[in-house]
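Okay, so the sequence shown: first residue is 1 according to full-length UniProt numbering, each after it adds one.
FYI, nobody ran anything at the bench for these hints, they're computed from the structure.
A hint or two may mislead.
Said to hold, decoys possible - With a Cα cut of at most 30 Å, we get these calculated DSS-like pairs of lysine-lysine: (1) K2 / K184; (2) K146 / K2; (3) K176 / K148.
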Amino acid sequence: MKPARRQPYEALVRAIAHQQVHGRAAEAILGRFLGCCACEGFPSPEAVLSLTPEAMRACGLSANKVLAIRDIAEKAAAGVVPTRAAARRLSDTELIERLVPLRGVGQWTVEMLLIFTLGRADVLPVDDFGVREGYRVAAGLEEQPKPKALREIGEAWAPFRTTAAWYLWRAADLHKEGRFRQPKAI
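With the hints as constraints, model all of the structure from the sequences given.
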């Protein structure tokens, strides 16, 4: 998987905009938000903070998303949200500990940033429904494994747990489409 060439700040803002909203709706809201900022490229934290909460709400962002995006912008301006270059020097655990306290950001959000923005090779998002469903399907189980159990199983896949996650997501998708073939072993 080739990571997106985004800064962690942008990835987090985009993740908040996409939370609990269909992808197309989220992109429309993001488009209005970017237009509201009237800047080239993705708006800087300072540009976001110059907007009133009302202007952000007029773009279609919920009140909670406005609070979360403003918090992320404040923390990015203060250096809590690292640049891409600085993030590369931090471990997965350090990034999770640093970013999870931000409003609207949970472990899953940071794990997606680690995988899709920073291209980390050893991340297994055990709280992800698709990952757990993919394991259930591939292992021929009746129920999804609990996150703790999948974390223990996934230890054997280190240092390539991101690749395992991709295969598990794919297994879940193929099963949903009725095209999954049971492997001999996993």
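Cross-check of the supplied hints:
1. K2 / K184: holds, 29 Å
2. K146 / K2: The hint holds at about 29 Å.
3. K176 / K148: holds, 25 Å
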